[in-house]
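Please model the complete structure; the sequences and the hints are all you need to start from.
Top line first, the protein sequences correspond to chains A and B.
Be aware that the first sequence starts at 1, since it is given in my numbering, and climbs by one per residue.
Be aware that the second sequence starts at 1, since it is given in my numbering, and climbs by one per residue.
Among the hints, a few may not be true.
Treat identical chains as interchangeable: a pair holds within one or across any two.
Keeping only pairs whose Cα atoms sit at most 27 Å apart, straight-line, the calculated BS3-like set for lysine-lysine is [said to hold, decoys possible]: (1) K404 to K6; (2) K215 to K333; (3) K222 to K325; (4) K325 to K252; (5) K130 to K412; (6) K325 to K84.
Think of the hints as simulated: they come from the structure by calculation, not from any bench.
There are 2 protein chains.
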Amino acid sequence: MITLVKNAKIVTQNDGREILEGDILIDGNEIVEVKPGINEKAERIIDAENRIAIPGLVNGHTHIPMGLLRGYGEDLPLQEWLEKKIWPTEPKLTREGIRKGSLLGMAESIRSGVTSFNEMYVYHVDETAKAAEQIGIRIEIPRAMFDLVPGRERDDELAACETFISGWKGKSPLIVPTVSCHAPYTCSEELMIKAKETAQREHLKFHIHISETRKEMLDIVKNKGKYPFEYMDSIGLLDENSIYAHAGWVTKREIALAGKKKAGIVHCPISNLKLATGGICPITEYDAAGANVALGTDGAASNNSLNMFETMKMAALLQKHHYWKADVIPTQKIFDFATINGAKALGINAGSIEKGKLADIVLLDKGANMVPEHDIIANLVYSAGPQNVTDVIIDGKLVMRGRKIQTIDEEKLLQDLSGFQIPKV
Amino acid sequence: MITLVKNAKIVTQNDGREILEGDILIDGNEIVEVKPGINEKAERIIDAENRIAIPGLVNGHTHIPMGLLRGYGEDLPLQEWLEKKIWPTEPKLTREGIRKGSLLGMAESIRSGVTSFNEMYVYHVDETAKAAEQIGIRIEIPRAMFDLVPGRERDDELAACETFISGWKGKSPLIVPTVSCHAPYTCSEELMIKAKETAQREHLKFHIHISETRKEMLDIVKNKGKYPFEYMDSIGLLDENSIYAHAGWVTKREIALAGKKKAGIVHCPISNLKLATGGICPITEYDAAGANVALGTDGAASNNSLNMFETMKMAALLQKHHYWKADVIPTQKIFDFATINGAKALGINAGSIEKGKLADIVLLDKGANMVPEHDIIANLVYSAGPQNVTDVIIDGKLVMRGRKIQTIDEEKLLQDLSGFQIPKV
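Okay, here's the thing in structure tokens:
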């Protein structure tokens, strides 16, 4: 199908970071032309007069079904929240619950201008992949593994990971399997090494939590005699195909090392603050060192939303606050982190509106919070929100039009889930 | 006019913090009944099935026309931003610009669930008051004063303040004049004392910035031999009718003093971070000490939005981060700060949905970001946003219905302002 988006203000995110008034021509799932006055015949024309077109935002780290636990166990200390609320509940979530919870998180993501995300979850992950196909959102998804907890065996975990990969690799343009270990404190060295080998053999990304809390960082120092990134490097896990979520409790030496290896670093500012981890991911320094910095929401249980506009704003504000320096990082960089860097971390050919890129595009209105337009990038990073998202194109398909998601019965889904009860533990 | 809101989930914010399923009966500008199954005849019935009714949010500190400067001078250090961009520009804003900029900020506020705000500005403030009457939002507004800058004389400032008060006091149910000095570092002691005397004589609130930056705090210590709140107290400015914005750089002794005097403290977390002031307003401690804590957005030039949902979330997150303690402050407290405490700071009979209160009420839908509903207060503080605000009632009038502002031609306003040019300095 040929789609033509007409008369938008296009924030291209191309190398020159050009902002154009013009049209976007899409053939199938690919952007084939971006310029003013395209007169090609199209089967679908979207009038974007007075609207802004941006590359779809990339959520670099989330646990999408956890929206089911949004607001569950608030106002508790972190360990009590995890041990008494989250961990006992998750294995009890049903296949049907995970399916609906995944659709819920995806609907919220789409409404927040997100066209792709980097998932990490353990339970019924097939349902999440199927939900993504159904709603039409692009995801990278593993069957995540951990073996240092009771009831989890390394070989079973690796087998489940392999099964998931063989079930999904190359099966859908939207679903790319990944390999994921939960964290260095929940996974044996053997599991992590084998997992990374699998990822390399299958040419897939490797995704892991690291240095989210001070305690886990210090435990690794104590047990391994190395700081976490140095430990990761020593066992072959630190390269440009590895994506590290959080990475807030780090030394300058580790930042330099992650930069040198061009690792993917996903900062999840809201979750870090909500869980009071105390660490601020030094994205300004990672970026300067050469790491590929992206942004994520983390799961909605610890956020409690999946709003990447909010995450961009929070990421920028926290850097300013952390360094006591209002100009510590350019606004454009923050927008890059949420678009082109996110796409690069996930290894997808998106993140900018350019010829040859995948057609993952979001249209925004210019509501009262987006006027005047002295600095459109600042408006996107600091002022925009889900209220401005009108249309979402993913892989060339119009997944949301005029604020209505086209691919699922969202109203029925929300009705089903509004009274969702936490399973008895 | 009798208005009946039917079948809402009502977050009352009454003393018991009850959440009811039921109806709200409004006679004129007053709530006259809140309970299930009201069958009173009403001229207007609002079906709020599947929606949440909350007391309108109170923005405790803003400079509403500064939305005109949203995104102007981004990525600059604070002093350069102020001295090269903001301060030279503001006096050049025209009366017409201030009028439209005020309507813009008010439209954005209403869309963010704000029904009243505490304004502080110097230029063409009559236009802001008239704009509030036109759009139908409740405001407290001064002609703010400062005399320690070239071209400003104390007597002229006081005269302008008095003229504004006599022009507006008792003239409109929506507009309450206040007395405001900009800050202790821009105002002489004589001006501040006289200003507070005026406020006391007229039974009005007194509104001032304090301890926003470390430098201004240290300058006051150097010049006055006292910490800012101690200085304010020594000249009679610290009481329950004074509203202090920012108050981030403070000693424990000052917190105790502000608490003892029951001062109003307005935390503006986003502006503080954006300007990298370095100080975090210790609202948890102020609240424990007995001060009346409220929340504000500050102006959209340093925010860059007027979104009180975002401000609630940020305020909660920053306390958790600041103290490394996820349970440092209950979520309910944060919602109180933005509703009942805000109303108390402004001295308005609102902030809760109860018999006898002013009918300032906001209806929210339960979109994908508001489901499930394990904890409705957490959903309001951490998940809700302008995308959920459907209807806004202020002073009994339906100012926004079905996401359309009823009182102004918003589309035309946005069109007029979308190309707004900064006046040449």
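Consistency of the hints with the structure:
{"no.": "1", "hint": "K404 to K6", "result": "both (20 Å within a copy, 26 Å between copies)"}
{"no.": "2", "hint": "K215 to K333", "result": "neither (31 Å within a copy, 29 Å between copies)"}
{"no.": "3", "hint": "K222 to K325", "result": "between (34 Å within a copy, 24 Å between copies)"}
{"no.": "4", "hint": "K325 to K252", "result": "both (19 Å within a copy, 25 Å between copies)"}
{"no.": "5", "hint": "K130 to K412", "result": "within (18 Å within a copy, 44 Å between copies)"}
{"no.": "6", "hint": "K325 to K84", "result": "between (40 Å within a copy, 17 Å between copies)"}
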